Amino acid sequence: MGTDIVKVEDKRVVKSFFKILSGVADAVRSWTGIISPDLSNSQDINTLISKMTECLNPTGGEVSARKNTVSLGNLYLSLSENGKIKFLQALAEEFNSNKEQIDDKILEYKKNQDPELTYTFEQDLIKTLESPRSKILKQFISLPNGLKFIVDMRSDVLKLKNRYKTLNPLEKELKNILCTWFDVDLLDLHQITWDSPASLLERLIKYEA
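Quick note: the sequence shown uses full-length UniProt numbering, first residue 1, plus one each step.
Honestly, the hints are just simulated from the structure, not real lab data.
Since we're looking at a predicted model, the values are computed, not measured.
There's no promise every hint is true.
Unchecked claim - Each computed EDC-like pair below joins lysine to aspartate or glutamate, with the alpha-carbon atoms no more than 20 Å apart:
| no. | residue 1 | residue 2 |
| --- | --- | --- |
| 1 | K138 | E62 |
| 2 | K165 | D103 |
| 3 | K110 | E93 |
| 4 | K127 | D44 |
| 5 | K165 | D114 |
| 6 | K138 | E94 |
| 7 | K86 | D44 |
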């Protein structure tokens with residue numbers, strides 16, 4: 001298999017995940033140590049799915065939720081290329097919206113005759129339409145370098161989605177998350193000139209090549 005995924009080895013990103021909560025580093029290392037970098041067997045996949053589920057249903061409140069998200073993000077960064085592919089496939093295939101629940105909420109909405117309850121039914125339907133994987137991904141945004149993590153993950157998915165069609169919904173959700181954060185009014189625009197940082201000019205030349 002060729003090198004399709006950009007290897008994420010930014011130690012500053014990993015370090016930032018470890019520093020989010022006091023005392024988390026040892027727990028994170030222990031958590032990721034039980035899974036092989038290639039996710040090479042069914043037990044690894046089952047453990048991964050279990051940990052992803054913990055991010056959705058944490059015990060211990062916000063602190064536990066952030067700790068789980070830190071662990072999951074650090075795990076992804078530590079995986080091999082094959083491991084990242086399996087990670088993304090698990091996220092895309094095992095954490096879809098529940099069609100039966102959606103149908104039930106639509107039926108409840110249609111049956112409602114009370115205008116005062118319309119908003120409540122609409123919000124219930126919206127929450128049900130949102131996939132569990134989207135809820136997991138949004139948890140990264142609140143972490144230091146979480147936005148960069150989402151950008152890097154989408155870059156990985158874009159390189160793979162033509163070969164792995166099941167990743168298409170994941171790519172779209174990542175894009176939607178980024179669109180909600182990159183509002184034009186929040187951008188600080190600067191003109192690029194020859195006096196701009198060399199690293200920026202090198203990146204521009206690379207993209208234009």
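**Study point:** Holds or violated: K127 to D44, with C-alpha atoms at most 20 Å apart
**Key:** 30 Å, violated
Review point. When you check the alpha-carbon spacing of K110 and E93, does it fall within 20 Å?
Key: Between K110 and E93 the Cα gap is close to 29 Å, so the pair fails against 20 Å, i.e. violated.
Check your understanding: When you check the alpha-carbon spacing of K138 and E94, does it fall within 20 Å?
Key -> With Cα atoms ~17 Å apart, K138 and E94 stay inside 20 Å; holds.
Check your understanding: When you check the alpha-carbon spacing of K86 and D44, does it fall within 20 Å?
Key -> The hint holds at about 10 Å.
Exercise for review: Measure nothing beyond the straight line between the CA atoms of K165 and D114; if it is 20 Å or shorter, mark the hint as holding.
Suggested key: 42 Å, violated
Review point. Given the hinted pair K165 and D103, is their alpha-carbon gap at most 20 Å?
Key: 25 Å, violated
Check your understanding: Does the alpha-carbon distance linking K138 and E62 stay inside the 20 Å limit?
Key -> 14 Å, holds
This entry does not satisfy hints 2, 3, 4, 5, going by the numbered hints stated previously.
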